[in-house]
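Chain order of the listed sequences is A and B. Per the working numbering, the first sequence runs over residues 1 to 297. Per the working numbering, the second sequence runs over residues 1 to 446.
For the record, the hints were derived by calculation from the structure and aren't laboratory data. It should be emphasised that the depicted structure is a prediction, and the values quoted were computed from it without experimental measurement. By construction, the Cβ of each residue, glycine as well, lies at the ideal position given by its N, Cα and C atoms. Treat the hints with caution; some may be incorrect.
Simulated crosslink set (SDA-like; lysine to any residue; CA at most 20 angstroms straight-line) [claimed, not checked]:
| # | chain 1 | residue 1 | chain 2 | residue 2 |
| --- | --- | --- | --- | --- |
| 1 | A | K190 | A | S273 |
| 2 | B | K440 | A | L65 |
| 3 | B | K264 | B | F201 |
| 4 | B | K193 | B | T284 |
| 5 | B | K440 | A | K145 |
| 6 | B | K353 | B | N114 |
| 7 | B | K113 | A | G50 |
| 8 | A | K145 | B | W146 |
| 9 | B | K446 | A | R48 |
Okay, the calculated beta carbon distance ranges per label pair [what the hints assert, rightly or not]:
| # | chain 1 | residue 1 | chain 2 | residue 2 | range |
| --- | --- | --- | --- | --- | --- |
| 10 | B | D167 | A | L105 | 54 to 60 angstroms |
| 11 | B | K358 | A | I115 | 34 to 40 angstroms |
| 12 | B | A250 | A | L29 | 56 to 62 angstroms |
| 13 | B | T95 | A | Q54 | 21 to 27 angstroms |
| 14 | B | T95 | A | V288 | 48 to 54 angstroms |
| 15 | B | A250 | A | Q52 | 35 to 41 angstroms |
| 16 | A | K145 | B | E321 | 41 to 47 angstroms |
| 17 | A | V82 | B | Q63 | 41 to 47 angstroms |
| 18 | A | L29 | B | Q89 | 36 to 42 angstroms |
| 19 | B | D206 | A | V123 | 36 to 42 angstroms |
| 20 | A | K293 | B | Q89 | 42 to 48 angstroms |
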Amino acid sequence: METDTTGFIKTKKNRSLMWFLVPITVYLLFFFLYPVIYDIYISFFDYRLGSQAQFVGFGNYRAMLNDSQYMGSLITTMVFVVAAVVAELVLGMIIALLLNNEHPLMQGIRTIILIPTVFTPLVAGLVWKALYHPDLGMYTYYLRKIGLDIGRGLTVERSSALFSVILVDVWEWTPLMVIVILAGLKSLPKDPYEAAMLDGASRLQIFFRITLPLLRPTLVVALLIRTLDALKIFDIIWAITGGGPGTTTTVANLRIYEVGMQHLKIGYAAALSNVLLVFGVIAGVFFVQSLYKGKEA
Amino acid sequence: MNMKRLMGMAAGMLLCSTMLFAGGKQEAAAPAGGGSDLPYAGVELRFAVMADQFADYTKVLAQEFGQKTGAKVNVDILGYTELYQKITQDFTTDTKQYDLLTVDIMWSGEFAKNGWTEDLTPMINRDKAEIDYDDIMPVTWTLGSWNGKQVAFPMAGYANSLIYRKDLFSDPKEKSAFKAKYGYELAPPTTIKQLGDAAEFFTRPDENLYGLVANGARGSAVAQDWMEYMRSFGAAIFDANGNVVVDSPASLASLKFFVNIFDKWAPPGAIGYWWDDRETAYRTGQAVMQSSWSIARAGYENEEISLVAGKTGMTPSPRVEGTAAEYGFGGWGVGINADISDAQKEASWAFIKFITGKEAQKEWMLHDGAPIRRSTLTDPDLEKQMPWLGEILTVFENGNGDYRPRDPNSNEIQSILALRINQAITHELTPEQALSEAAKEIKALK
Chain A
1 METDTTGFIK TKKNRSLMWF LVPITVYLLF FFLYPVIYDI YISFFDYRLG
51 SQAQFVGFGN YRAMLNDSQY MGSLITTMVF VVAAVVAELV LGMIIALLLN
101 NEHPLMQGIR TIILIPTVFT PLVAGLVWKA LYHPDLGMYT YYLRKIGLDI
151 GRGLTVERSS ALFSVILVDV WEWTPLMVIV ILAGLKSLPK DPYEAAMLDG
201 ASRLQIFFRI TLPLLRPTLV VALLIRTLDA LKIFDIIWAI TGGGPGTTTT
251 VANLRIYEVG MQHLKIGYAA ALSNVLLVFG VIAGVFFVQS LYKGKEA
Chain B
1 MNMKRLMGMA AGMLLCSTML FAGGKQEAAA PAGGGSDLPY AGVELRFAVM
51 ADQFADYTKV LAQEFGQKTG AKVNVDILGY TELYQKITQD FTTDTKQYDL
101 LTVDIMWSGE FAKNGWTEDL TPMINRDKAE IDYDDIMPVT WTLGSWNGKQ
151 VAFPMAGYAN SLIYRKDLFS DPKEKSAFKA KYGYELAPPT TIKQLGDAAE
201 FFTRPDENLY GLVANGARGS AVAQDWMEYM RSFGAAIFDA NGNVVVDSPA
251 SLASLKFFVN IFDKWAPPGA IGYWWDDRET AYRTGQAVMQ SSWSIARAGY
301 ENEEISLVAG KTGMTPSPRV EGTAAEYGFG GWGVGINADI SDAQKEASWA
351 FIKFITGKEA QKEWMLHDGA PIRRSTLTDP DLEKQMPWLG EILTVFENGN
401 GDYRPRDPNS NEIQSILALR INQAITHELT PEQALSEAAK EIKALK
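Just need the whole structure built from these sequences, with the hints factored in.
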C-alpha cells in the first residue's frame, strides 16, 4: 500500500513537472522546427517573393550544381572556417597557457582580452574596414611605412583579401577560445602533474602527454562552437569587402543573401541554405562523436 | 491553485503573447480632421528615404507638412541596399511598414510590373494645375514611369556630370605643359579621348595626385559607375528591340577604358571604393576628375567637408566623339505603397505634392536638395548661390533616364554587373570574358 502511494505521487509529480516543458516545446515548435520544415518544403519550389510558387522537385538543387558562384563560395567558406578556427585554437591555447597563473595582473588581462568579443561582428567589420582602407587606413599606412608590399591594399588585392577578413575573425573570437581553454585548464586535476614532475618529465612532455589529453573535451566543445559559428560568417565580410574583390571573399552566406534577400528567390535560397545546414550538421555530429570517443577512452 | 492549472495558464499566456507580438503594424487611423484646418490630423505616415545628401532635410519638410496638415510623417533614412531590401520585402509580405518611399529610377520597371506602388497617373491628371505640371522638367518623369504608368513622382533629379579641378585646368603652367605633350589646349574634357589624355596628364603618384577616379568595389557602386561610362560610349544593356547587347564592341571599349582608370589613373585603392570613398578622394584633392551625380555638387563648396572649396568645375560627362549629345539622368522619385488604405494614400499624395512643390523645392535646394523643376533651375536667387545650375539644366534638357535600364530585372542586372565588372578591373576576367558572362546571365533572366 505504501509503495503504491509513493508510485502514485511520483507519477503525479512527474505529470505536473511535464508542464514545465511547455514553454520550451512551444519555442522549439514555433521558432525552430517550423522554420526548418518550411525551409525544406519551400526549397522544392520555384518561389520568387511576391509571385506564385511553382513546384520544381529537386530543380533548385540541380540548379545549385551548375551555380559556379555558390560552389565556389562553399570552397571559400571551408577555407575560411578551417583557417580561422585553427588559428583561433592555436592562439587561444598559447594565450590561455600564458594566462594560466595566479599573478594579480592576470585577472585584469583576462578581462581586457575579452573586449573584441563585445563588438557585434558588423561593428567590428566597419571598424576594420576603416583600418584597412586602401588609401586612408591606419594599418595600410603603417604597413607601407615599414616597407611591406601590400599592393593596392590588403582588402582589395585578390591575394590578401581572404586573409584580411580571416584576421578580423581571429581578432574577434580568439578571446572566446582563450576563456574556454583557460576554464578547462583551471579544472584539470593536480595529481598527474605532480607525478610527472617527480618522474622528471619536461614541460613539452607534460603538455602533450597530460594537458592536451585532459583538455580534449574542452577543446572539442570550443571547436564545435567556433566551427558552427564560423560556418555562419556573414557580417564581417559583408562590411569589409562585400564578397570581393571578384569572388575572393564570397562565402556561402553571402551568396545565399544575394539570391534570397536581393533577388528575392526564396525557394532557391532555401535550397542553398539547406546544403550549408547539412555541412553544419555534419560538423556538429563529428565533434559530438569525438566528445563521446574521448569519454570512452 | 494547483501546479497543473498554473502551468496551463502560463502556457496559455505565452501563446497569447506570441500571437500578440506576431501582429504587424496597426492600420493607421483614417483622417479625423474632416473639414478642419488640419485635414490629416491623426494620420501617421512612414517614409523610407535613401540616405543621400538630401535625406536630412526631408525630415524638416516632413515637420512642416505636419504643421500645415496635422499628419505625422516619420522619416526612416536607409542605405541603398537596405532601402531596396526593406521596401521590397514590405511589398511582397504586405506588411505595410512604409506608406511612402524613395524610388530609384532603375526600380520603376520592377515596381510597375509587380504593382507594388500606386499608379499616380490619375492623381497627377486630376491635380495637373496644382502641381504646375509643365514646370517639371520632362526628363524627370522617367523617374517612376514604365509602360504608361507613373509609379513614382519625380522628387530629386541628378545630372551625370564630370567634376573637375578648375584651378588645375586653368593653371597657365599646366596648360602649356599639356599643350606641349598632347598638341591641343587643356580644357575640361568633352570627349572620352580628351578625358583619357587629361587623366593621364594629371596622374602624378609622387605628388599623390591622380587624374580620374571611379568606384571599384564589388557591388552596386561599380556597376552604376561603369554603366555611366558605357552610355558615354554609346553602348547599352539592351537595344531598341530589347535584345541583350551588353557585350557589344562599344560596350567592350567602355569597359577597357574603365579598367584603364583603375590600372593607370586612379588612386591605388580605388579598386575598393564605394561612392563615399570616391567622393573623399576628390574632396581631399587626391583626384583631379570624377564622373559623379550633381547631388554632390554643393558639398564641394562646404569647407567643413571639402579641401577643394572654390576649386571645382562641373560639365556634362564627356562622350565618345561623334555621338549625339545625350547625358545621364538619374535620381529619386517618391512612390506610394499600393497596399495601404485610401485614406493613407490621399495623405501620402498630399505630402508628395508638398515636398515637390515650388516653394519646398527652393527651400530644399538650399539644404542639399536636388531639382526637378525648370523654375528651380532658373531661379535667380538660387543661381547666385549655385552657379552650376545652368550645367544641370543642360544635362536635363539632353537627358536620358535610361542610362541605367529601368528593366523589371534591373536589380538582378545590376547585381550581375556588380560582380563581372569588378572581376574585370581586378583582372580576374578579361573585359571580353566579363561582358560575355554578363550577357549570358542577363539573357537567362528573360
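Outcome of range test on Cβ distance (K145(A), E321(B); 41 to 47 angstroms): Holds: the Cβ-Cβ distance is about 44 angstroms, inside 41 to 47 angstroms.
Restraint check for K193(B) with T284(B), where alpha carbons must lie at most 20 angstroms apart: violated (26 angstroms)
T95(B) paired with V288(A), Cβ distance criterion 48 to 54 angstroms: violated (39 angstroms)
Restraint check for K264(B) with F201(B), where alpha carbons must lie at most 20 angstroms apart: Holds - the C-alpha atoms of F201(B) and K264(B) are around 11 angstroms apart, at most 20 angstroms.
Assessment of proposed distance window 34 to 40 angstroms (beta carbons of K358(B), I115(A)): violated (54 angstroms)
Agreement of K446(B) and R48(A) with the hint, judged by alpha carbon distance not exceeding 20 angstroms: holds (14 angstroms)
Pair hint outcome, K190(A) versus S273(A) [Cα-Cα no greater than 20 angstroms]: violated (46 angstroms)
Hint consistency between K145(A) and W146(B) [alpha-carbon to alpha-carbon, up to 20 angstroms]: With a Cα-Cα distance of about 54 angstroms, the restraint between K145(A) and W146(B) is violated, given a limit of 20 angstroms.
Satisfaction of hint between N114(B) and K353(B), Cα-Cα up to 20 angstroms: violated (24 angstroms)
L29(A) versus Q89(B) beta-carbon gap, inside 36 to 42 angstroms or not: violated (25 angstroms)
A250(B) versus L29(A) beta-carbon gap, inside 56 to 62 angstroms or not: holds (58 angstroms)
Range agreement (Cβ of L105(A) with Cβ of D167(B), hint 54 to 60 angstroms): holds (57 angstroms)
Hint check: violations occur at hints 1, 4, 5, 6, 8, 11, 14, 17, 18; the rest are consistent with the structure.
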